[in-house]
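Colleague: Model the placement of chain A on the given structure of chain C, informed by the hints.
2 protein chains.
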Amino acid sequence: MSTIEETIKKMAIDAKKAARKMSSDAKKAARKMSSLSTEKKNSALLRMADALLEQKEFIRSENEKDLAAGRKKGLSNAMLDRLNLSDKVISSMINGLREVVALPDPVGEVAEMVKRPNGIMVGRMRIPLGVIGMIYESRPNVTVDAAALCLKAGNSILLRGGSEAIFSNLALARVLQDCLAAADIDAAAIQVIPVTDRSAVTYMLGLEEQIDLIIPRGGEGLIRFVAENSRIPVLKHYKGVCHVFVDDTADYDMAVNIVMNSKVQRPGVCNALETLLVHEKVASDFLPKIGAALASAGVEIRGCEKTCAVLPVARQAVEADWGMEFLDLILAVKVVPDLDAALQHIVRYGSQHTEAIVTNSYANGQRFLREVDASAVMVNASTRFSDGGQFGLGAEIGISTTKLHAYGPMGLKELTTRKFIVYGEGQVRS
Amino acid sequence: MSTIEETIKKMAIDAKKAARKMSSDAKKAARKMSSLSTEKKNSALLRMADALLEQKEFIRSENEKDLAAGRKKGLSNAMLDRLNLSDKVISSMINGLREVVALPDPVGEVAEMVKRPNGIMVGRMRIPLGVIGMIYESRPNVTVDAAALCLKAGNSILLRGGSEAIFSNLALARVLQDCLAAADIDAAAIQVIPVTDRSAVTYMLGLEEQIDLIIPRGGEGLIRFVAENSRIPVLKHYKGVCHVFVDDTADYDMAVNIVMNSKVQRPGVCNALETLLVHEKVASDFLPKIGAALASAGVEIRGCEKTCAVLPVARQAVEADWGMEFLDLILAVKVVPDLDAALQHIVRYGSQHTEAIVTNSYANGQRFLREVDASAVMVNASTRFSDGGQFGLGAEIGISTTKLHAYGPMGLKELTTRKFIVYGEGQVRS
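Protein chains in written order, with this note's numbering: chain C, 1 to 430; chain A, 1 to 430.
Just so you know, the hints here were simulated from the structure itself, not pulled from any lab data. Wrong hints could be hidden among the right ones.
It does not matter which identical chain is used: a pair holds within one copy or between any two.
Unchecked claim - Within a straight-line C-alpha distance of at most 30 Å, the following computed DSS-like cross-link-like pairs (lysine-lysine) qualify:
(1) Lys115 with Lys413
(2) Lys413 with Lys239
(3) Lys40 with Lys56
(4) Lys239 with Lys419
(5) Lys28 with Lys419
(6) Lys32 with Lys281
(7) Lys28 with Lys239
(8) Lys239 with Lys21
(9) Lys239 with Lys32
(10) Lys239 with Lys115
From a predicted model like this one, the values you see are computed outputs, not experimental measurements.
Here chain C stands alone, though its shape is the one from the complex:
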């Protein structure tokens, strides 16, 4: 068996030819995957969970090459931490695999079967999408998490991770592929593209005959690059600029809890709160309460004029603060005259990710749910719940803020589609 260094060298000779070959192998594998039994897919997933443990030394030694190169390149500690396949990260990948085993297999489900007037039975059967292209940045655990979901949904996956994780990704792929082969599944169903320059991504994005869907995960720059260069449908979200609107009927304690949890529990993620909107009727009562809580959590406040008048600690917000994804302990705060103004603000500055209202008004809650155009809209709950696991999808392959096919967190079902099936008894059209 060739070393991973040899694999990389071999690919570099003709990256385009190799990418085409990989994607057409993936397509062939996908055709067979679509009729695999759930048992077979689960048995491969369980093998993978065992193999990650058994092959831990191999994985860690390849991971060490990436870490060494990263240290040499002067990557930040945060970046190195993301790269690191620690025992904890390996355990979490193993748990993830076992959780995917436990999820129901969406493929083959038949629904909405109706009998038409002429007697034909028409229904919809859930089927895999085919080949998924995953383009991501530094975390090598995505390789395993995404491959597991795609396998369970009957899809092939082509993975193109960040160059700084190339050894780790290829090592993980080799372990997974061995398990596929041992389970008598075409190993081309899970492939990591061993090319590290961006031209390979561009080339991959043009293979619309081979790849059915592209899911990019990473910073806004990567995602825009993918969206602008893809001839294949892309499910993506650029960013999460989430708002909480505290209306004039809100319970203050509940509002403080929700705002604090949304902002502080994990500020660096896309479902964290970025802008707080407060109804002017309650601004002078509520702002001091939330101001104190935010201050004690070390959150910087950038407020509108009215906010600053009530909260002297707040810095004056500039136009760029509205709609800004801080991903940090910074919160923009604006006082608005009413629900309509809050809705208008969200239309203008929101990112269609997650929006929440805190209210005790039945009418306002219902109106907010109905009228806000975002992939997740909440009444009296933290924006941090916007997540496949929290919503009960089991696991999440990504979040979409575009409306075609999927809107919001995407789980196994979103990796499938449905075809029409017809049972007839010889009917013809008149």
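Modeller: Just chain A now, with coordinates in the frame of chain C:
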């Protein structure tokens, strides 16, 4: 009010600016459309049905301009017939509008509401997609049919029809817009782009911030042009190369009925049969029966060697006949050794549109349904049933043979998506 000639002239001055303005007006209108009541949408649709009758003279006089220009340009009779807004076509548009009124409104439906362990209720609410761009060729009735479906699903629509139908399309749009205004709905929800050159299409396909989905309808050339130039998701099918496989357990009479109906009932449409596959065990019995029926209907047969040996009337097929969309009274016929070979043939030459098997074998029927990758897969029924109306969707805005978002005939539901909604009682994430 300006004449339609004036509208066209005004637009031609700065087509790009005008297209941008129209699409941004459409987007603004869409925001309001999403919360319109079903009653209001239905009342606008009923007004439109009445107005098409009341404004028949205006519509026909504008249509006459297109017909005169078409005759001058030497359009074929078939083309002129497609352009013609005859009494029959106008009646059918009126009936179509009334049928859309009768369909249930998909918007606002909440489904899959579950209570999560922490008590939050998570469900999915159906919402409009936003702005639909429809790009089509000569039939002006598409203007009304598509606008009605988009309106009912709460979307705005930007229509860009063929240049040869420009007066008809603008006249119809004006009638529809007057009805929107009378029903107190933003008239920008239905707009025909009054620019006839293709650069306007290209420009429209780049407005990804304004338009959510493009649906092209027309010949393969138009659809490829749209798919290759669009930065907006496109739902499309290039062509329909439909197969019927007559397996060795098929009832011959049923097979003859299904093959004849699939091929002959309307040969020029995408769900018509193009290639017949026959199990070799029954070839010598079945081929003479179907051969006689096809001959009496004037269908030319292009057969494989084995077919020609049994049916001397058949012409020898060439490679290009497999996978050819004849859209005419021509049928390719191939004898295959078994179901596997039939499935292989469909993988290689099919267009993922509609595929059917005629069989009395339970196992073969189930396997065909499961394994064939096409938007509609049928056992013992005519391929001609692959249609939104026949499948019970009510009406059809198009057919998709790509798997993202919709696969197969698309009705009202396919013009919507779903967002997550959450009802909480103050829950936060731990």
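Colleague: List in ascending order the numbers of the hints, as given earlier, that are violated by the structure.
Modeller: Of the numbered hints, all hold.
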